[in-house]
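Whenever a hint applies, use it, and build me the whole structure from the sequences.
Protein chains in written order, with the UniProt record's numbering: chain C, 1 to 249; chain B, 1 to 224.
There may be inaccurate statements among the hints.
[Said to hold, decoys possible] Listed next, the in silico EDC-like pairs over lysine to aspartate or glutamate satisfying Cα-Cα at most 20 Å (straight line):
1. Lys144/B x Glu40/B
2. Lys97/B x Asp133/C
3. Lys95/B x Glu192/C
4. Lys2/C x Asp21/C
[Stated by the list, open to error] Which chain B residues stay away from chain C? Per the calculated CB distances, all over 12 Å, these:
5. Gln42
6. Phe119
7. Glu140
[To be verified] Some chain C residues close to chain B (C-beta under 7 Å, calculated; not the full set):
8. Glu35
9. Asp38
10. Lys103
11. Asn171
12. Phe211
13. Asn227
14. Leu231
15. Asn241
16. Phe247
Quick caveat, the hints were computed from the structure, so don't treat them as lab data.
All C-beta atoms in this analysis are idealised placements derived from N, C-alpha and C, irrespective of residue type, glycine included.
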Amino acid sequence: MKIILKIWRQKNRQDKGEFCDYVLEDVTRDMSFLEMLDMLNNKLVKQGDRAVEFDHDCREGICGQCGVMINGIAHGSLKNTTTCQLHMREFKDGDTIYVEPFKASAFPVVRDLKVDRSSLDHIIVSGGYVSVDTGQAPEANNIPVTYEEAESAFDAAACIGCGACVASCKNSSAALFTGAKITHLARLPQGEKETASRTMAMVDQMEQENFGHCSNTEACQVECPENISVLTIARMNYEYNRAKILFKK
Amino acid sequence: MIWFIKNSVTRKNLMALTGLFLSFFLIVHLAGNLQLLLPEVQAKLQYNAYSQFLGGNPLVILISFVLYACIILHTVDAIYLGIKRKKANGVSCSKDKRGRASTWYSRHMMALGIIVFVFLVIHFKDYWYRYKFGELPLDENGNKDLYTLVIVSFEQLWYVILYVIAIVALGYHLLHGVFSAHRSIGLYHPVYNSIIKVLGIIFALVITIGYIIIPIFIYINHQT
Ligand code: FES
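See the structure below:
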């Protein structure tokens with residue numbers, strides 16, 4: 001099928017950037033969205049033009065590297081799907097597709113569709129871990145964890161850190177990402193102990209990275225490839241308040 | 001102290017707590033105003049006596065200061081977060097379809113809030129200011145005649161329309177605000193969240209309908 005692409009091209013961080021039009025004739029329904037972009041890049045390279053840069057890694061929907069705004073929606077209109085798992089069968093012959101990078105002050109565009117999401121890494125570095133040496137994989141039954149707790153921790157841990165929540169949020173808030181990380185660790189005995197200091201550190205880091213506030217529009221959960229619950233944000237707020245009121249070093 | 005001012009979680013807490021207090025006040029205010037629907041002679045004396053009582057009660061005066069503080073803090077906080085939002089957004093998308101994922105009123109709390117705020121200024125000027133600092137005639141019991149002031153204003157159609165628009169904006173503001181406030185202060189339990197969501201909708205409906213009935217009732221009743 002024929003696809004008309006309007007792709008955001010930007011040479012570097014300073015460049016203003018603009019949409020460029022491309023037409024692809026032989027797109028098949030079974031191609032993934034990224035394969036379609038590969039096809040375009042092949043064509044561009046053959047012509048001697050610069051390829052469109054975009055992030056990707058696993059192409060299985062599990063690493064969180066890919067992510068662009070497709071027709072104004074993070075990862076495109078198919079719900080709970082990453083860009084790499086979106087297929088061209090979602091589009092019709094002759095469709096025009098706008099492709100833009102995730103936009104937020106905390107995600108500066110590096111080039112074309114590629115953004116710098118280190119701000120999310122900084123949040124993790126500030127406290128998204130347990131500070132004990134785990135050594136080798138321990139015996140699984142040494143620390144009892146109930147089925148419900150494990151499941152709920154895993155629901156939050158499913159966050160792949162793609163940044164679609166930030167891109168979908170009218171305030172460019174990273175509350176869903178940070179909330180998911182905090183909830184994940186707070187639900188497990190290994191992580192629970194440091195919840196207070198971790199929450200304060202991660203929330204403070206989130207502030208410093210120039211993310212916006214959360215106004216509970218819940219758009220993040222709707223567009224999240226992993227359908228992370230917005231209640232993790234409430235959990236973050238709860239843990240933060242609790243820590244500020246009760247926690248003493 | 002800086003963390004308190006700068007941190008968006010605490011700022012949202014402040015937003016939530018002031019908002020919840022203002023929501024609570026709406027119930028009390030509505031209960032008082034519903035007296036306007038009583039038969040005219042009784043309504044007049046009762047309403048004026050009620051207003052007189054409120055104005056003279058030290059506890060009520062104290063609460064009223066909390067109320068003014070809440071309005072100011074809620075507004076200042078909204079401006080602060082609005083600026084923060086602008087900064088965080090950077091360049092916006094050229095094609096923006098993000099709206100599909102959330103309700104329009106949850107995205108436009110600021111606009112709804114501005115409508116309510118403008119209305120509040122008018123409301124304060126027309127009733128509060130004139131009652132407190134203006135010269136009002138006295139009723140049979142010697143109380144300031146706020147009742148007649150209210151009735152006369154609601155005999156004008158444009159005033160009723162203005163009032164209804166503002167209340168509808170307030171209704172949508174509450175529809176998102178009440179449940180959002182609970183989230184902001186950290187209510188994360190799914191069951192309580194569903195309960196709060198339903199209660200929030202009922203609350204917004206009751207407040208909206210309750211406040212809208214009054215001017216319309218008065219307007220229709222005083223058409224000759
Ligand atoms: S490339 Fe890994 S999630 Fe899409």
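Consistency of the hints with the structure:
1. Annotation: proposed proximity of Lys144/B to Glu40/B holds, straight-line Cα distance about 16 Å (limit 20 Å).
2. Restraint check for Lys97/B and Asp133/C: the C-alpha separation of about 45 Å exceeds 20 Å, so the hint is violated.
3. A hinted pair counts as satisfied when its Cα atoms are at most 20 Å apart, and Lys95/B with Glu192/C does not qualify at roughly 42 Å.
4. Simply put, Lys2/C and Asp21/C have alpha-carbon atoms about 13 Å apart, close enough for the 20 Å limit, and the pair holds.
5. Listed as outside the interface, Gln42/B is consistent with that label: its C-beta sits roughly 44 Å from the nearest C-beta of chain C, beyond the 12 Å cut-off.
6. Against chain C, the non-interface label of Phe119/B holds: every CB pair exceeds 12 Å, the least being about 22 Å.
7. For Glu140/B, the shortest C-beta to C-beta distance to chain C comes to about 50 Å, beyond the 12 Å cut-off, and the non-interface label holds.
8. Taking 7 Å as the C-beta contact cut-off toward chain B, the hint placing Glu35/C at the interface is violated, the least distance being around 22 Å.
9. With a least beta-carbon distance of about 23 Å to chain B, the hint placing Asp38/C at the interface is violated under the 7 Å criterion.
10. Checking Lys103/C against chain B: minimum C-beta separation of about 5 Å stays under 7 Å; hint holds.
11. For Asn171/C, the shortest C-beta to C-beta distance to chain B is roughly 5 Å, which falls under 7 Å, so the interface hint holds.
12. Interface hint at Phe211/C: satisfied, since its Cβ lies 6 Å from the closest Cβ of chain B, which is below the 7 Å cut-off.
13. Because the closest C-beta pair between Asn227/C and chain B is about 12 Å apart, greater than 7 Å, the hint is violated.
14. Contact between Leu231/C and chain B, as hinted, is supported at the beta carbon level, the nearest pair being about 5 Å apart and thus within 7 Å.
15. The restraint placing Asn241/C at the interface with chain B holds, with a minimum CB-CB distance near 5 Å, inside the 7 Å limit.
16. This hint is violated: Phe247/C has a C-beta 13 Å from the nearest C-beta of chain B, more than the 7 Å allowed.
Checked against the numbered hints listed earlier, the structure breaks hints 2, 3, 8, 9, 13, 16; every other hint is satisfied.
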